Amino acid sequence: MYARGVSGIGIFDIIGPIMIGPSSSHTAGAIRIGRLARYILGEEPRKAHIFLHGSFARTFRGHGTDKALVAGLLGLTVDDERVRDALDLAREKGLEVHWGFKDLGEVHPNSVELDLSGEQNHVKVLASSIGGGEILLSRLDGFRIEFSGKLPGLVAVYPDQRGVVAQVASVLACHEINIATMRVSRERAGGRALMAVETDQEISQPARQALLSLPMLEKIAILPRV
Amino acid sequence: MPSFKSTHELLYMIREKGLALSEAAQEWEKEVSGRELTEIRQEMRERLLVMRQAARKGLEGNIKSPSGLIGGGGRLLEQARKENKLVSGATTARAITIALAIAEVNACMGKIVAAPTAGSCGILPGVLLALEEERKLSEETVIDGMLAAAAVGVVMASMASFSGAALGCQAEVGAASAMAAAATVEMAGGSPLQALDAAAIALKGLMGLVCDPVGGLVEIPCVKRNALGAAHALAAADIALAGLKSFIPLEEVIAAMVEVGKSLPSSLRETAEGGIAACPTAKKIASRLT
Numbered sequence: 001m002y003a004r005g006v007s008g009i010g011i012f013d014i015i016g017p018i019m020i021g022p023s024s025s026h027t028a029g030a031i032r033i034g035r036l037a038r039y040i041l042g043e044e045p046r047k048a049h050i051f052l053h054g055s056f057a058r059t060f061r062g063h064g065t066d067k068a069l070v071a072g073l074l075g076l077t078v079d080d081e082r083v084r085d086a087l088d089l090a091r092e093k094g095l096e097v098h099w100g101f102k103d104l105g106e107v108h109p110n111s112v113e114l115d116l117s118g119e120q121n122h123v124k125v126l127a128s129s130i131g132g133g134e135i136l137l138s139r140l141d142g143f144r145i146e147f148s149g150k151l152p153g154l155v156a157v158y159p160d161q162r163g164v165v166a167q168v169a170s171v172l173a174c175h176e177i178n179i180a181t182m183r184v185s186r187e188r189a190g191g192r193a194l195m196a197v198e199t200d201q202e203i204s205q206p207a208r209q210a211l212l213s214l215p216m217l218e219k220i221a222i223l224p225r226v
Numbered sequence: 001m002p003s004f005k006s007t008h009e010l011l012y013m014i015r016e017k018g019l020a021l022s023e024a025a026q027e028w029e030k031e032v033s034g035r036e037l038t039e040i041r042q043e044m045r046e047r048l049l050v051m052r053q054a055a056r057k058g059l060e061g062n063i064k065s066p067s068g069l070i071g072g073g074g075r076l077l078e079q080a081r082k083e084n085k086l087v088s089g090a091t092t093a094r095a096i097t098i099a100l101a102i103a104e105v106n107a108c109m110g111k112i113v114a115a116p117t118a119g120s121c122g123i124l125p126g127v128l129l130a131l132e133e134e135r136k137l138s139e140e141t142v143i144d145g146m147l148a149a150a151a152v153g154v155v156m157a158s159m160a161s162f163s164g165a166a167l168g169c170q171a172e173v174g175a176a177s178a179m180a181a182a183a184t185v186e187m188a189g190g191s192p193l194q195a196l197d198a199a200a201i202a203l204k205g206l207m208g209l210v211c212d213p214v215g216g217l218v219e220i221p222c223v224k225r226n227a228l229g230a231a232h233a234l235a236a237a238d239i240a241l242a243g244l245k246s247f248i249p250l251e252e253v254i255a256a257m258v259e260v261g262k263s264l265p266s267s268l269r270e271t272a273e274g275g276i277a278a279c280p281t282a283k284k285i286a287s288r289l290t
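These protein sequences, in sequence, are chains L and R.
Quick note: the first sequence uses the working numbering, first residue 1, plus one each step.
Quick note: the second sequence uses the working numbering, first residue 1, plus one each step.
These aren't lab readings, by the way, just hints derived from the structure by calculation.
Don't take each hint at face value.
[What the hints assert, rightly or not] If you want the footprint, here are the derived chain L segments under chain R, 3+ residues with CB under 8 angstroms: (1) 23-35; (2) 55-62; (3) 115-126; (4) 141-150.
[Stated by the list, open to error] Below 30 angstroms or equal to it, Euclidean Cα-Cα: the simulated DSS-like pairs (lysine-lysine) are: (5) R:57 - L:93; (6) R:111 - L:93; (7) L:93 - R:64; (8) L:150 - R:284; (9) R:204 - R:224; (10) R:111 - L:150; (11) L:47 - L:219; (12) R:262 - R:136; (13) L:150 - L:124; (14) R:284 - L:102; (15) R:283 - L:102.
[What the hints assert, rightly or not] Estimated spans, in silico, between C-beta atoms of each pair: (16) L:162 - R:46: 23 to 33 angstroms; (17) R:64 - L:91: 14 to 24 angstroms; (18) L:100 - R:189: 57 to 67 angstroms; (19) R:288 - L:134: 30 to 40 angstroms; (20) R:46 - L:170: 35 to 45 angstroms; (21) L:134 - R:82: 37 to 47 angstroms.
Being a predicted model, the structure only gives us computed values, none of them experimental.
Glycine is no exception: its CB is placed at the ideal position from the N, C-alpha and C atoms.
The following block holds chain L by itself, in its conformation from the complex (with noise of 0.2 angstroms):
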């Protein structure tokens, strides 16, 4: 009957968060993914092309997740009051938004596609606001991943062989930040392969110049916890 030990949710999960409504999920949780995308990318986004499934298509509008999913992109957080008028921010901002709706197949009724273009980088994600301002990533650039934005963390892509895991491993070893969860995934044995580590601390300055030097990562997204 008692399922959560002393462990579990603190005072403030329950009088909390402070938040933008109108909803936990289709709001806050859209502001969220909208946050962890831009860190993904690694840089500020100029294009993205958002692709709206099931409850979020049918109520985005009333329910304002498409101006949060853009307050989350321009960076702001599920409290800023400007996510109302994200919109206009983005045209401020120079970032320019194109909508559409797809049918995202088996996944979560809260689900997005974002398509996302910067100076630099291109980065394709698949995430889902899964209720209560929760969010998992479950897509990155075709791969398979899971990730909440509850933890800092990281995701590297790098060609798939020996030591790569351990050498990211320990460098983070190294910096004294643990890592709480580690999922790997790759496109063949031998091809590209994708790396999601969530750490129970941030990823220190020292840290990431460390990751960044590592040679066999192709692409390298420190995150911090959105």
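Given the coordinates of chain L, assemble chain R onto it according to the supplied hints.
Just chain R, lined up with the frame of chain L:
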């Protein structure tokens, strides 16, 4: 002071040792977060400030939701209240006014404190701020009320979900009303047992409430249900303060709510396919939205 390992222990300390709900919540949070008491109360104070700001904004009433359906209701209630036109008594009238105003701010993409959800965010502050004003309570007492509400919320969260999509509106407005009822009893000087009973009585009264938002939006009937949930909380608190006991203890009521929620068809769990959302007028409104 005790260190809690489970909500079972939390309830034991309240029932057997007479610990106030607010103290129980503080001890719980110390255990969860490792933070000091003053820090915990300060964070609660900051959330109370956001609640006050949301109330003010909703009462001024210059807001409109993206659908155009919601906004200005809080101002109408406030005017009527000031002109002494409302019949429900000073505290209740103020509570429903603030609760509705804050629920409107939520619908209009304003800043609120989820308590426990965004859809039910008006109920607790409605009750807290009305009691503060009408009974001239100190801010510390209001913070105790928030903590008492949180104690009930923690017990509920350990056994149930607050998601309307999972368990219906009983888990949102019902939960918020139960939390607000407990807060009311503690702020009014009732006993810890009375506070738990008030929560149980409130939750029993909203057992089975379905989640049926018109067009899927947190607007109709959600905004007005916040006002009603606040009045309901005050009534449940009055029953407990008068010394009537809940025959069924809180955790059994929560367990029953979970079972009822699970047995609700999906059309009554936030899908906008049943209940109020399926009324002909509701469908007409929804068809104009997209």
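Right, here's what the structure says about each hint:
no.	hint	result
1	23-35	holds (count 5)
2	55-62	holds (count 5)
3	115-126	violated (count 0)
4	141-150	violated (count 0)
5	R:57 - L:93	holds (28 angstroms)
6	R:111 - L:93	holds (23 angstroms)
7	L:93 - R:64	holds (26 angstroms)
8	L:150 - R:284	violated (40 angstroms)
9	R:204 - R:224	holds (20 angstroms)
10	R:111 - L:150	holds (21 angstroms)
11	L:47 - L:219	holds (20 angstroms)
12	R:262 - R:136	violated (42 angstroms)
13	L:150 - L:124	holds (20 angstroms)
14	R:284 - L:102	holds (25 angstroms)
15	R:283 - L:102	holds (24 angstroms)
16	L:162 - R:46: 23 to 33 angstroms	violated (50 angstroms)
17	R:64 - L:91: 14 to 24 angstroms	holds (21 angstroms)
18	L:100 - R:189: 57 to 67 angstroms	holds (58 angstroms)
19	R:288 - L:134: 30 to 40 angstroms	holds (32 angstroms)
20	R:46 - L:170: 35 to 45 angstroms	holds (40 angstroms)
21	L:134 - R:82: 37 to 47 angstroms	holds (41 angstroms)
Hints 3, 4, 8, 12, 16 from the list above are not met by this structure, while the remaining hints are.
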